[in-house]
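Q: Take a look at the letters that make up each chain.
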Amino acid sequence: MPEEQTPKPIDPSKLSIINQLIYQLSLILLDLLSAGRATADPTELMQINNEYMAVGTILNQAAQAQAAANDTLFNQVTSTLKTQAKMLEDMETQIKKIVSDVQLAGRVTGYIAEGITLLIKL
Amino acid sequence: MRKFHSFLVIGLISTMLSACAGFSRIQDPISHFNQAAHAASSAESAFLNAVQVVECEDQFYKSAYDYSTSSDPKANFDLRGYCTPIVVTPDQITTRNTLMSAIVLYADKMQALSTSDNDKQLDANSQTLAQNLNKLAITGGIKLQDPAIVQGVEAAVSAIAKMALDQIIYSNLRNAAQNMQPYLKAIVTALQSENFGFGQAIISSLGHIEMMLRIEISLSHQRGQVAAADTFFNIINARGILIGADPVTKQALASPANTPNPKPVDAAKPVNDALDAIVTGNQAIANTGSGGIYAAANDMYKRAMTAKDIYDSIAKAK
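Protein chains in written order, with the working numbering: chain A, 1 to 122; chain B, 1001 to 1318.
Check the hints yourself; a few may be wrong.
[Claimed, not checked] Example chain A residues on the side facing chain B (calculated, C-beta under 7 Å, incomplete):
#, residue
1, Leu30
2, Leu33
3, Gln94
4, Ile98
[As the list claims (entries may be wrong)] Derived pair list, reagent style DSS-like, types lysine-lysine, alpha-carbon separation capped at 25 Å:
#, chain 1, residue 1, chain 2, residue 2
5, B, Lys1162, B, Lys1185
6, A, Lys121, B, Lys1074
7, A, Lys96, B, Lys1263
8, A, Lys14, A, Lys97
9, B, Lys1269, B, Lys1185
10, B, Lys1269, B, Lys1302
11, A, Lys86, A, Lys97
12, A, Lys121, A, Lys86
13, A, Lys14, B, Lys1269
14, B, Lys1263, A, Lys14
15, B, Lys1185, B, Lys1302
16, A, Lys14, B, Lys1185
17, B, Lys1135, B, Lys1074
18, B, Lys1135, B, Lys1162
19, B, Lys1062, B, Lys1074
Think of the hints as simulated: they come from the structure by calculation, not from any bench. All residues carry an ideal CB built from backbone N, CA and C; glycine is no exception.
Start from the sequences, fold in the hints, and give me the full structure.
A: As structure tokens, then:
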């Protein structure tokens, strides 16, 4: 019977990045919700909702990584997270198109840029 | 000589009486501390349950939303609300509840130590729990994210379990509280470090539910599918769903849209405050008199019950 391998330790600096990422993603969601509250146009709302869902999925993955029990599971979740950087890049352009409040859109894209920087560090 | 004997007897009696009075003075505040520790354990459990309940609710609303906005004639919907939680799994909840069991066990043992009974052992159930916790800790059965934290937590659970089974080493309450303080802190830190992320997952799901409700109302209104009065009641119903689901962020719901530099609402704050209060309460046992312990234990109880009520109401709203 093969011996069970002891899980390798998780890099604490990566956990800190995950925590920062969760905060950053929460800021994006907060502003997207504000953008959603500012319109009753269903098309615009649906577009904002799509972006909201995408960011919410990344946030859930980040929270999942935080609770991961060992390095193997943590790496699985973080490698999934890393693939989301490209999606966030595309989102920057999309947000500018769908959020009519220029100032709010600018702030969201700023948060997204910081989120991408954190994802790259993982 | 006879007079001396009388003084000696009176002295002995008064020493014994003051010792008994000491026990009763400490027994009551320790009992409050114990009650508060049980409440804090329930609060953490209610919080983790709320994380799962809100995520599952979000998944249910999403499936209903997908069906309502789909043009696919084969699209289907689900009324059961069957859910596979992702953010925190049932196994992960069990591990965290185990950590809170260790804290409760510690508080039970402190209460046993504070009594004037000769037998300061815990009951059979608590002793079995202590043995199981110790076994879990020494066999690496506590699965958390950070190995540095896990080591501290394993040591903490093991130390608490040993203390619970021992009645010789910790005969003095103050010493016990001082010795166990770093271990309690290790468990509290481990739980708090991830609660913020779990709390943000709650907020994210609640925001998503709000977004879907807005879309459905605006769609039916724009397409003229419902009468104006029905739109009015749709809005009122949607607000009722949100307020019922969202006791943590009611304030956020009431706040104006797009405030300058908003900060994320910390949905984990009530439970993290209750966890902090455990450490403060134990510090009071280590350092202060019964009055200080009363105050700390009452604060701990109040925070724990507030947190529990908030998270329970999230689950009940579903």
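Q: Against this structure, judge whether each hint is valid.
A: Structure-based check of all given hints:
1. Annotation: A:Leu30 was flagged as interfacial toward chain B, and the flag holds, the nearest CB pair being 5 Å apart, inside 7 Å.
2. Satisfaction of the interface hint for A:Leu33 is found here, the shortest Cβ-Cβ separation to chain B being roughly 5 Å, below the 7 Å cut-off.
3. For A:Gln94, the shortest C-beta to C-beta distance to chain B is roughly 16 Å, which exceeds 7 Å, and the interface hint is violated.
4. Against a cut-off of 7 Å between C-beta atoms, the interface hint on A:Ile98 is violated, since the closest Cβ of chain B lies about 13 Å away.
5. A distance of roughly 17 Å separates the Cα atoms of B:Lys1162 and B:Lys1185; the hinted pair therefore holds under the 25 Å criterion.
6. For the suggested pair A:Lys121 and B:Lys1074, the alpha carbons sit about 43 Å apart, so the restraint of at most 25 Å is broken.
7. With a C-alpha separation of about 22 Å, the suggested pair A:Lys96 and B:Lys1263 falls inside the 25 Å cut-off, and the hint holds.
8. Of the supplied pair hints, the one linking A:Lys14 and A:Lys97 is violated, its CA atoms being roughly 33 Å apart against a limit of 25 Å.
9. Proximity of B:Lys1269 to B:Lys1185 is assessed by CA-CA distance (about 17 Å); at most 25 Å being required, the pair is judged to hold.
10. Restraint check for B:Lys1269 and B:Lys1302: satisfied, since their Cα atoms lie roughly 14 Å apart, inside the 25 Å limit.
11. With a CA separation close to 18 Å, the supplied pair A:Lys86 and A:Lys97 stays within the 25 Å bound.
12. Of the supplied pair hints, the one linking A:Lys121 and A:Lys86 holds, its CA atoms being roughly 14 Å apart against a limit of 25 Å.
13. Proposed proximity of A:Lys14 and B:Lys1269 is supported: the alpha carbons are some 23 Å apart, at most 25 Å.
14. At most 25 Å may separate the alpha-carbon atoms for a hinted pair to count; B:Lys1263 and A:Lys14 meet this at roughly 23 Å.
15. With a C-alpha separation of about 20 Å, the suggested pairing of B:Lys1185 with B:Lys1302 holds against the 25 Å cut-off.
16. Simply put, A:Lys14 and B:Lys1185 have alpha-carbon atoms about 23 Å apart, close enough for the 25 Å limit, and the pair holds.
17. At most 25 Å may separate the alpha-carbon atoms for a hinted pair to count; B:Lys1135 and B:Lys1074 exceed this at roughly 53 Å.
18. At most 25 Å may separate the alpha-carbon atoms for a hinted pair to count; B:Lys1135 and B:Lys1162 meet this at roughly 11 Å.
19. A threshold of 25 Å between alpha carbons decides the hint, and for B:Lys1062 with B:Lys1074 the separation of about 17 Å falls inside it, so the pair holds.
In summary, the numbered hints that this structure violates are 3, 4, 6, 8, 17.
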